[in-house]
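J.: Go ahead and model the full structure; you've got the sequences and the hints to work with.
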Amino acid sequence: AQTVTQSQPEMSVQEAETVTLSCTYDTSESDYYLFWYKQPPSRQMILVIRQEAYKQQNATENRFSVNFQKAAKSFSLKISDSQLGDAAMYFCAYLLSYDKVIFGPGTSLSVIP
Amino acid sequence: DGGITQSPKYLFRKEGQNVTLSCEQNLNHDAMYWYRQDPGQGLRLIYYSQIVNDFQKGDIAEGYSVSREKKESFPLTVTSAQKNPTAFYLCASSTHDRAEAFFGQGTRLTVV
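Protein sequence lines, in the order shown, are assigned to chains A and B.
Quick note, the first sequence lines up with residues 1 to 113 if you use our numbering.
Quick note, the second sequence lines up with residues 1001 to 1112 if you use our numbering.
It cannot be assumed that every hint is accurate.
Unchecked claim - Residues from chain B that face chain A, not an exhaustive set, calculated with beta carbons under 7 Å:
hint, residue
1, 1012
2, 1039
3, 1042
4, 1043
5, 1096
6, 1101
7, 1103
8, 1105
Simulated from the structure, these hints should not be mistaken for lab results.
Idealized CB from N, CA, C, for every residue including glycine.
T.: In structure tokens form, the structure reads like this:
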């Protein structure tokens, strides 16, 4: 069965600095999708970034980028130039086509002014 | 605009009553999901559906029921058998061909 692990329950970063959130997953499949979602205090789930497993190039979205290591089954999120609005819960998720979305337990990110 | 709509945003239920949470999407997504989130916790899958008239139990299906009579709709009923229903409920949908997954704004259910 597929599983997603986030080993850092809480992280903090100084404003304007860079932080990396870790995610590992377990799967026997070769073609799947990985996501990072942000959940601010409003509890709305916001898609931050998406990565197709068949693509070797790491996805980037403005200040957000991933380090996708398929062989190691690792999918970390790097946030550059951290802003106060980045403070939230971050969830790593895995999706196999025609199957369910599986979420990690989340990492709570605090941004220190 | 396309999206997922959950209603109501806040819901109160008396003990022993069934209550139904609504989830509607106009994204033409095939798959829909219901998750439960407790304070400070992650998302736990209750039920999911890949196609109309078919659905599967997730990790915590006991005390819940669903239906998928239309592609756009996936209502969740919280029955009186659910021992601790107070939680935040999130509905999501995804498409198989592009593997995008989107969420509704959630329903906060409180048992009084």
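J.: Determine for every hint whether it applies to the structure shown.
T.: Hints, one by one, checked against the model:
1. With a least beta-carbon distance of about 18 Å to chain A, the hint placing residue 1012(B) at the interface is violated under the 7 Å criterion.
2. For residue 1039(B), the suggested interface contact is broken, since its CB lies about 10 Å from the closest CB of chain A, more than 7 Å.
3. Residue-level restraint check for residue 1042(B) holds (minimum Cβ-Cβ distance to chain A is 4 Å; threshold 7 Å).
4. With its C-beta approaching chain A no nearer than about 5 Å, residue 1043(B) sits inside the 7 Å limit, and its interface hint holds.
5. Hint status for residue 1096(B) relative to chain A: holds, with the closest Cβ pair at about 5 Å, below 7 Å.
6. Look at residue 1101(B): its Cβ gets to within about 5 Å of chain A, closer than 7 Å, so that hint holds up.
7. A distance limit of 7 Å between C-beta atoms decides the matter here; for residue 1103(B) the minimum to chain A is near 4 Å, and the interface restraint holds.
8. Interface restraint check: residue 1105(B) against chain A, minimum CB-CB distance 5 Å, threshold 7 Å, status holds.
Of the numbered hints listed earlier, those contradicted by the structure are 1 and 2.
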